[in-house]
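Protein sequences appear in the order of chains Y and V.
Each residue of the first sequence is one higher than the last, beginning at 1 in this note's numbering.
Each residue of the second sequence is one higher than the last, beginning at 1 in this note's numbering.
Note that these hints are calculated values from the structure, not bench results.
Glycine included, C-beta positions come from ideal geometry on N, C-alpha and C.
Among the hints, a few may not be true.
A short list of chain V residues far from chain Y (calculated; beta carbon distances all over 12 angstroms) [as the list claims (entries may be wrong)]:
no.	residue
1	Pro94
2	Leu135
3	Thr160
4	Pro167
5	Asp180
6	Ala267
Okay, the calculated bits of chain V under chain Y, using three or more residues with CB under 8 angstroms as the criterion [stated by the list, open to error]:
no.	region
7	97-106
8	183-193
9	202-211
10	258-266
Partner residues aside, some chain Y positions facing chain V, computed with beta carbon under 8 angstroms [claimed, not checked]:
no.	residue
11	Leu123
12	Leu126
13	Pro127
14	Gly344
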Amino acid sequence: MTAVTPAPPSVADDPAPTSVVPPARPDGRFRLRTAAGFAFGAALLFAVAPLVLSDFRLSLLAKYLCVAMVAVGIGIAWGRGGMLTLGQGVFFGLGGYAMAMHLKLADAGPGGMPDFMQLYGQLDELPVWWRPFASPWFALPATVLLPMAVAFGLGSLVFRRRVRGAYFAILSQALAAAMVILLIGQQGTTGGTNGLTDIKGFFGYDLDDPVNQRMVYFIIAGTLLALLALTRQLIRSRYGELLVAVRDGEERVRFLGYDPASVKLVAYVVAAGMAGLAGALFVPAVGIISPALIGIVPSIEFVIGVAVGGRATLLGPVLGAVAVAWARTALSERFPGTWTYLQGLLFVVVVAFLPGGLASLWALARRRDGAVESRRRGWSPLGRRRAERTEVPAA
Amino acid sequence: MTVLFGQLFTGISIGAVLLLIALGLALTFGQMNVINMAHGEFIMAGAYTTYVLQQSITGAGWSLVVALPVAFVVAGTMGVLLEILLIRRLYARPLDTLLVTWGVSLMLQQLARDVFGSPNVQTRAPELLTGNVALPGGLTIANNRLFILALALAAVAALTLALRLTPLGRRIRAVVQNRDLAAVSGIPTARVDRTTFFIGSGLAGLAGVALTLLGPIGPTMGTNLIIDAFLVVVVGGIGQLKGSVIVAFALGVLQATGEYLTTLSVAKVIVFVAIVAFLQWRPQGLFTLRTRSLA
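One chain only, chain Y, in its complex shape (with noise of 0.2 angstroms):
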C-alpha cells in the first residue's frame, strides 16, 4: 500500500507557503504498525469477507464500503477541519448521476436513448448536457471532478467571506435541498423521484452477474483502501497539521501568515471528491441512483456514522459508517419506528455525551495506559501529543 512510504504527499495543491515549518511529526515508529495495519483491512476486504459472506451480503457490504468513502472524506473536512459539512449528498449525487448517466447510454447503445425520456419527457433526441456523457472519457473523471468544481466554486466563495459554523453548515444542506428539488423539478432529463434506474451494464459486463457483482466489490473496497492511504498522507503531511491549526484557531493561522480560506477549500474539495467518487461506485454496487439517496436525510445521514465513529480520526469515519449502515439494515426491516428513534438516540447521546465518538474510547483507555507508565518513565511529549490527536475542537 501506497501508505507505506513516508513521502510526503504532493502538495501542488497545498495552499500553504512551504516555508520552514518541520516535518508534521517523525512518524518512523508508526510505519510497520500501519503497514501491519493495512495489510490486515486489505486481507479482511478482500479474502476474509468474500470468503464468509453470500453474494448478497457481499453487495450490501459494498454498499456500505460506498458511504464510508463519504465519512472518510467528512472526516477530513469537519473531524480534521471543522467545517460541518450536512450537504455531502450533493457531492455524492453529482459522482452517481455522472456515472449513472454514462452506463444508462451504454446501455441504450450508440443513438439510443434512456428508455425513462420517452416516457416522461417525450423527447426525441438526447438533452444537449447528456450527450458528453455518453464517453467514458468524460464521464468517468467527471465523477470526481465535478463535485469537486461545484465545491470549489461554493466553497472559495464562502470562505474567502469568511462564512463558517453554523453559517456554512446551513448553507451546504440548502444546497442538498436545492440540488434534490432541481432534480425532481426536470423529470422529463434527469428521471425525477425515480432517478436512474435500472441499470444492466458496467463497461461491458452484465451486473447481474455475481461473478461481476464481486468484480465490483473488489474494485470498490481497493478504492477505499486507496482512499485511507491518501488520507493518512494527507492529514499527517504539513498541511494536515495546518487544517487542524485553522479548525482550533483560524485567527492565530492568519495572523501567522496563512490563509485559512485555501486551507479549507482544499479539504472541502478534497472531501467533495472522495463523496463524488462514492457516489460513482455506489451505482453499479446498488444499480440505481435517486433523489431520496441525496438529500438532506442521508446527507446528515452521512455525518451519523462519523459522528459514532469518531470525526477527528482515520478509522473511526470509516468503521462508524459501515456500522451504522449495517445496523440500519438489520434492524430498519424488521423494527422500521425502532431504527429511527434508535437513530435518533445514537446521535444524541454520542455527540452531547461523547463527542469524540466510540473511538475516543479506545483512545481514553490508551491516554489511561499512558499516563500510568509516563508516571513511570517520565512526562514524554509525543505520548501526549498522540492523545490529544482523537480530541475533537469545542467549536
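Mind docking chain V on chain Y? Use the hints.
Same frame as chain Y, but now just chain V:
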C-alpha cells in the same frame, strides 16, 4: 399589473410563513447560538395540537382560537424540556447542538408517526377564513393567507414590544449583547435562556397552527420548512429581528417571482444563488450587532 400584484402577494404570504418560523429561530440562535433542528418538529406539534383540538371542540373557528395559545404552550414546553435535558450541556458547541437536535427531531417525527399515523391529516378551516377578499381591479386575496400575514405581523409586534419594554426583554437583550457582563450584573442568564427558549419554541407552535390553514399535517412537515427558515436567519443577521423580517419577505417575493418566471425547482436554485451572492456582500447577514470580536 394584476398579475404583478398577485405574485407580490403570493410572495408576501410565503414570507409571512417563513417569518413566523424564523422568528423563534432568530431568537434562540441570536441569544444562545443554538441551532435547533427540532424547531420543525415544534411546528408539527403546533399543527397536531390544532388537529387534536378540532377533534374535541366543535366549530372550526373556536378550535382555531383555542389552538393558538395552546399550541404556543405545548411547543414552548417541549422547547424548555429540550433545553433542560440537552441543549444546556452544549452551549459551547453550537455545531453539536445542530446534530443533537436533529437526532431529537428524528425521534419526534417517529413519535408523531406512532401516535397519529403516517398518513397526513387535515383540519377544517373556519368559514371566515375560506373565502377571498376581492380588491378593486379584479384582484383577489385568500383570507387564510391574509390571516397568516396578520398573525406574523402581530407576533413581530408583540415580540418587539416585549423585547423593548418589559424587564424580561431588557434581560434578554443584555444577554444577547454580552452574556458575561449580563451574568456579573446579576442577571440569571440560565433562567433567561430557558424563557427565551420557551418563547422561541412557542412561536414555532403558532407557525404550526398557521400551517394547518394551508395544507395537510404530517410527521415530516417541519423538515422542508426549517432550512428555508434557517436561511432567513442567516441572511438576516444574528440577534436582530428586523433582519429576519426584511429577509423573510424578500426571499418570499424572490421565490414567488422566480416561480412565476421559471419553475418551482429553478426558483429554489435562484434563491440559493441569491443568498450565496448576498453573503459575499455581507457575510454576517443584513444586520449585525457591533462587537469587538475578531470574527
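Checked hints:
Some Cβ of chain Y comes within 12 angstroms of the Cβ of Pro94 of chain V; the nearest lies about 6 angstroms off, and the non-interface call is violated. Look at Leu135 of chain V: its CB is around 32 angstroms from the nearest CB on chain Y, clear of 12 angstroms, so calling it non-interface holds up. Distance check for Thr160 of chain V against chain Y: the nearest CB is about 24 angstroms away, which clears 12 angstroms, and the non-interface claim stands. Under the 12 angstroms C-beta cut-off, the non-interface status given to Pro167 of chain V relative to chain Y holds; the minimum distance is some 30 angstroms.
Listed as outside the interface, Asp180 of chain V is consistent with that label: its C-beta sits roughly 17 angstroms from the nearest C-beta of chain Y, beyond the 12 angstroms cut-off. Interface exclusion of Ala267 of chain V from chain Y breaks down, the closest Cβ pair being 9 angstroms apart, not more than 12 angstroms. Residues of the region 97-106 of chain V with a Cβ under 8 angstroms from some Cβ of chain Y number 8, which satisfies the need for three, so the listed coverage holds. Given a C-beta distance limit of less than 8 angstroms, the hint that chain Y covers the region 183-193 of chain V is violated, as 0 residues qualify and 3 are needed.
Counting residues of the region 202-211 of chain V whose beta carbon lies closer than 8 angstroms to any beta carbon of chain Y gives 0, which falls short of the minimum of three for the stated coverage. Here the region 258-266 of chain V counts 4 residues with a CB under 8 angstroms from a CB of chain Y, which clears the bar of 3, and the coverage holds. For Leu123 of chain Y, the suggested interface contact is broken, since its CB lies about 17 angstroms from the closest CB of chain V, more than 8 angstroms. Of the supplied interface hints, the one on Leu126 of chain Y is violated, with its beta-carbon coming no nearer than about 21 angstroms to a beta-carbon of chain V, more than 8 angstroms.
Against a cut-off of 8 angstroms between C-beta atoms, the interface hint on Pro127 of chain Y is violated, since the closest Cβ of chain V lies about 15 angstroms away. A distance limit of 8 angstroms between C-beta atoms decides the matter here; for Gly344 of chain Y the minimum to chain V is near 4 angstroms, and the interface restraint holds.
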